[in-house]
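Engineer: Single-letter residue listing:
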Amino acid sequence: MITQSANIQEQLRTLREFTAIINSTLDLHDLMNIVMERAKSELGAEACSILFYNPQTNKLEFEVAICDDEDTCEILKKKIEIEVGQGIAGWVALHKEPLYIEDVSKDERFYSGVDKTTGFVTRAIIAVPLIGRTGLIGVAEIINPTMKNYDKDIFLNLCKQFAIAIENALLYKESLEREKIRQQIEIASQIQKSFLPSDSRFEKGDFLISATNIPAYTVGGDLYDFVDYPNSKGGVFIGDISGKGVSAALYMAKLISDFRHISVSHKKLTHVMSSLNALIMKAPMGMFLTAIYIVFDSKNGRINYINAGHPPFVLVRTTGDVKVIDDISGPPLGIIDYEYKRSSMILNKGDRLYLLTDGVIDMVDMKGKNLGYDKITDFFVKNHALKDLFGGFLAFIEDFGKGQQRNDDITVVEIMRR
Amino acid sequence: MKITTEDIPKGKLIMISGEIDMHTSPALRDVLMKLTKKKVTPIIVDLLEVSYMDSSAIATFVEALKNMMSYKGSLRLCNLSQRVSEIFTFAKLNKIFEIYKTREDALKNC
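Chains L and X, in that order, are what the protein sequence lines are. Once you know that position 359 of the first sequence is 1225 in my numbering, the rest is easy, because the numbers rise by one and skip nothing. Once you know that position 20 of the second sequence is 26 in my numbering, the rest is easy, because the numbers rise by one and skip nothing.
Because the hints were derived from the structure by calculation, they are not lab data. Note that the structure is predicted; figures quoted are calculated from it, not measured. Just so you know, even glycine gets a beta-carbon here, dropped at the ideal spot from N, CA and C. There's no promise every hint is true.
Short derived list, chain X residues pointing at chain L, Cβ under 7 Å [to be verified]:
| no. | residue |
| --- | --- |
| 1 | Leu34 |
| 2 | Val37 |
| 3 | Ser61 |
| 4 | Ser62 |
| 5 | Ala65 |
| 6 | Glu69 |
| 7 | Ala97 |
| 8 | Lys98 |
| 9 | Ile102 |
| 10 | Ile105 |
Let the hints inform the model, and build the full structure from the sequences given.
Structural biologist: Given below as structure tokens:
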């Protein structure tokens, strides 16, 4: 009686110690190695291992292998995968129940393939499923244990705690990796911003251009640029690359460099757009660019423009007339050979043009309703006399999309003739 | 997003349901690339049950279309929602893609 009580006391002490170890680290590697080393010595085992369940392949893969022979450990970790349902570990993974087998030679479920590969001789095995909050994590195995009189309930309880600790360590590892990626994307965002004009305002004669760009995913595919020609003319470019995120951002960086080169080496607006079109046709994965290029002449207010599949821009006359300019010259750049035709208009003093990307037009409010051109037009009709109409419009769209998650980049460019 | 394909007398019919965006379009791309690699024509894409489609979806169709141009294949889109149809029209994409109102219209001459 005294001996049994002493034994239970001893096992409870072990349980407390294990719990302390389990809670001592969030490092996945340290956690698994420390716990399994301790389990191996407590149970007088020759080896122990942890196999992780890979839901993609539906196989178990050796993650930790601790045995006296290092070569065996290395073989296990590098080469061996077990199908769910195959061998003892596979059976445990499939049925999510523990197995305590004292003589594997008498058990049909035993798979001798691992021993054949490693040269190790398995005689007895304890295999326990590691089940976390999200389901099966893997299987822990203790090979050839010499201690027989351990309390199975305490042992299983310990394995449950261990599984949760592994899950926590895995989540911690993932969160560290996510943080690393977040930091790298933050750097990419800074680099991307450096491709846009360093000053978001551009003045030429009586023309003043103001722009704002807010990417939805830190990095984005919207772009704008200004061109200062060596005469009375200036250029304003706005574009939106298909797709989002890093791939769109990388291509945006390339395109803005290409545009800067092309816009100064071609005199005609039509040539700039057809050269860009030819270039983007070589883009990978069907990428295309919706774009508007406007060349204004500050001498007389003439505006020449080409809209390649981009959302129409809005003309706000100083008189309060508001018009959506929807004469699209052709499809987005980069899809097919196309001869883009130029359109023209005159901007009088006090008139403004608003160039937008679809991230603005498709914004949704709390009720799930789209912003759309009707609401944009209404805003300009009511507020055209505002001195800071650009600032007023930005505040209006910010207020419209308040509390809603944005899925697309937002770019607004105002061209004003003072 | 869910994609199902069906053999038609000539070519392949692809039925898509759900949202096609930057997260789901790679799966659509895989299906289309496999077909264009085999020079399948026509490829009819039924968008009846597509609730949302972004520019990465259009880029996926553009890539397939470009691949098909090399073998003079025909990519036909049908059952576009009003919103998608508007986007295609204003961006002049309706002049690039073969767009049909119904699946029956798209299946003619297959």
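Engineer: Next step is simple, just say for each hint if it's right about the structure.
Structural biologist: How the hints compare with the structure:
About 11 Å separates the beta-carbon of Leu34(X) from the nearest beta-carbon of chain L, more than 7 Å, and the hint is not met. Annotation: interface hint on Val37(X) violated; nearest CB of chain L at approximately 14 Å, more than 7 Å. Proximity of Ser61(X) to chain L holds as hinted, the smallest CB-CB distance being about 4 Å (cut-off 7 Å). For the restraint placing Ser62(X) at the interface with chain L, the shortest Cβ-Cβ distance is roughly 4 Å, inside the 7 Å limit, so the hint holds.
Nearest Cβ of chain L to the Cβ of Ala65(X): about 4 Å, under the 7 Å cut. The hint holds. At a threshold of 7 Å, the smallest CB-CB gap from Glu69(X) to chain L is about 3 Å, leaving the interface hint in force. Because the closest C-beta pair between Ala97(X) and chain L is about 4 Å apart, less than 7 Å, the hint holds. Of the supplied interface hints, the one on Lys98(X) holds, with its beta-carbon coming within about 4 Å of a beta-carbon of chain L, less than 7 Å.
At a threshold of 7 Å, the smallest CB-CB gap from Ile102(X) to chain L is about 6 Å, leaving the interface hint in force. Interface restraint check for Ile105(X): the shortest CB-CB distance to chain L comes to about 13 Å, outside 7 Å, so the restraint is violated.
Consistency with the previously given hints fails for numbers 1, 2, 10, ordered from lowest to highest.
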